[in-house]
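Participant: Next come the chains, spelled out residue by residue.
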Amino acid sequence: MTCNLSQLLLAVPPGELAPDDRAALDAHTRSCPTCASLAATDAAIRKAMIAVPVPSGLRDRLYAQADSARAAAWKRRAGWVAAGLAACLALGTGFGAWSYFARPELDADRTTQWLENERMARQQAVGEWLTAQGLPPDLPEPFEFGYHDFHGTGPLGSAELPCVVFRHDRGQCRVYVLHSGAVRLPTGRWGDVTGSEFTHRTIERNGVTYLIAVSTGTTLETFLRRTPAAI
Amino acid sequence: MGTPSVRDLIDSHYESLFRYAVRLSGSAADAEDLTQETFGKALTRLPQLRDADRAKPWLFRILRNEYLHRKRDDRRARVVPLDAVGEPTATLPADGFEIDPQELQAALAELDETFRTPLILFYFEDFIYRDIADQMELPIGTVMSRLARAKAYLRVKLSPLHPTANSQRPPEGE
Chain A
1 MTCNLSQLLL AVPPGELAPD DRAALDAHTR SCPTCASLAA TDAAIRKAMI AVPVPSGLRD
61 RLYAQADSAR AAAWKRRAGW VAAGLAACLA LGTGFGAWSY FARPELDADR TTQWLENERM
121 ARQQAVGEWL TAQGLPPDLP EPFEFGYHDF HGTGPLGSAE LPCVVFRHDR GQCRVYVLHS
181 GAVRLPTGRW GDVTGSEFTH RTIERNGVTY LIAVSTGTTL ETFLRRTPAA I
Chain B
1001 MGTPSVRDLI DSHYESLFRY AVRLSGSAAD AEDLTQETFG KALTRLPQLR DADRAKPWLF
1061 RILRNEYLHR KRDDRRARVV PLDAVGEPTA TLPADGFEID PQELQAALAE LDETFRTPLI
1121 LFYFEDFIYR DIADQMELPI GTVMSRLARA KAYLRVKLSP LHPTANSQRP PEGE
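Line by line, the protein sequences are chains A and B. 1 is the number of the first residue of the first sequence in the working numbering; add one for each residue after it. 1001 is the number of the first residue of the second sequence in the working numbering; add one for each residue after it.
Keep in mind the hints are simulated off the structure, nothing from the lab. Heads up, some of the hints might be wrong.
Claimed, not checked - In silico lysine-lysine, DSS-like type, Cα no more than 25 Å apart, as pairs:
#	chain 1	residue 1	chain 2	residue 2
1	B	LYS1056	B	LYS1041
2	B	LYS1056	A	LYS47
3	B	LYS1041	A	LYS75
What the hints assert, rightly or not - Quick list of simulated restraints, FRET-style, between CB atoms:
#	chain 1	residue 1	chain 2	residue 2	range
4	A	LEU17	B	ASP1033	31 to 37 Å
5	A	GLU116	B	ASP1030	39 to 45 Å
6	B	GLU1137	A	THR93	52 to 58 Å
7	A	ASN117	B	ASN1065	46 to 52 Å
Every residue, glycine too, gets a C-beta built ideally from N, C-alpha and C.
Could you build the full structure based on these sequences and the hints that come with them?
Facilitator: The structure is reproduced here in structure tokens:
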């Protein structure tokens, strides 16, 4: 190997050097003081470059920061939900007031009916979407569609599956809907990219598997519709 | 491979990111801020990471962008003719040659960021030309040219046998 070639190879990032070239370069630098000097300088710079003490506790501080950021993100989402509900309530209240003053007859049920219509519209949209996926329109539990967040295909392991997501300020519930046996289902607790953990169970119905995953810290009942108390 | 969690990313990369940040900024305090900011941004952008094997260059790129963002108004203007950069004229000992990390930091601090970054990434070993070019959004040829000039400068600057080591001026500009 010539010194020119040796110095060209020394300029290549080590990760890009083929093993044969590496061996030839090493052999050359063992017999050439000039190239050995350049290689030694590179090695010394590399050693000094990474000689940076990492502060103790940095990892724990990064963990804490990540946890705090996640909590803040959840709080923000919950804030939007609360703001949305407050807006609905304000709208409902305003509508009620308008109804009261604009009409001679009291119509106290109208706001309730409007909210119920909203729920039904969401439920119907989900049902139509599931039908379009070749799946039954109804979910296997009486979910409260006031908590409906979104529906679409979502990742489960390496698969993308139809999924309906309900969100509550204490956590979320995901309902994956798939034809039975289509994928191998996860076992035990599992987490997502935000670090949230879920417990899950499956319901089989007419050849369809419903994988219901609920954030730890809350329960499925949180997301189900409660029967109104008798007045 | 699926998307890693933020804790996985922290475990695997926080040390090298911190070292990179120190070499880039020259300050341990700034480096810790940059490292925290990097993971903060990574948390919000995690769905953008399609290939977990590319997490390291992805994080390094976030950190560099954050550094540039902070230093946007702190650009120095030095011009050194290319022929001011040469190779050491004397032969250095091939064994037992040590470089003081503080001297290295001082030499790096004199370099414009456009030369400093490829140099640091080169000596962090894991980065290939393509990674460095991606980090800097430059053609590979430009990276190779900057790297060659920056390495030559550093070798001269840090060489104990070079008579002009202390007066060596850094390269700047294309």
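Participant: Please verify whether B/LYS1056 and B/LYS1041 have alpha carbons no more than 25 Å apart.
Facilitator: Given that 25 Å is the threshold and the Cα spacing comes to 14 Å, the pair holds.
Participant: Straight-line Cα separation of B/LYS1041 and A/LYS75 no greater than 25 Å?
Facilitator: Roughly 18 Å between the alpha carbons, so the hint for B/LYS1041 and A/LYS75 holds.
Participant: Checking one constraint from the list: CA of B/LYS1056 to CA of A/LYS47, max 25 Å. Satisfied?
Facilitator: Holds. B/LYS1056 to A/LYS47 sits at ~20 Å (cutoff 25 Å).
Participant: Okay, A/LEU17 versus B/ASP1033 on CB: inside 31 to 37 Å?
Facilitator: holds (35 Å)
Participant: Is the distance from the Cβ of A/GLU116 to the Cβ of B/ASP1030 consistent with 39 to 45 Å?
Facilitator: violated (56 Å)
Participant: Quick one: are A/ASN117 and B/ASN1065 within 46 to 52 Å, going by C-beta?
Facilitator: 48 Å Cβ-Cβ, so the 46 to 52 Å window holds.
Participant: So the hint says 52 to 58 Å: do the beta-carbon atoms of B/GLU1137 and A/THR93 match that?
Facilitator: holds (54 Å)
Of the hints listed earlier, the one the structure fails to meet is number 5.
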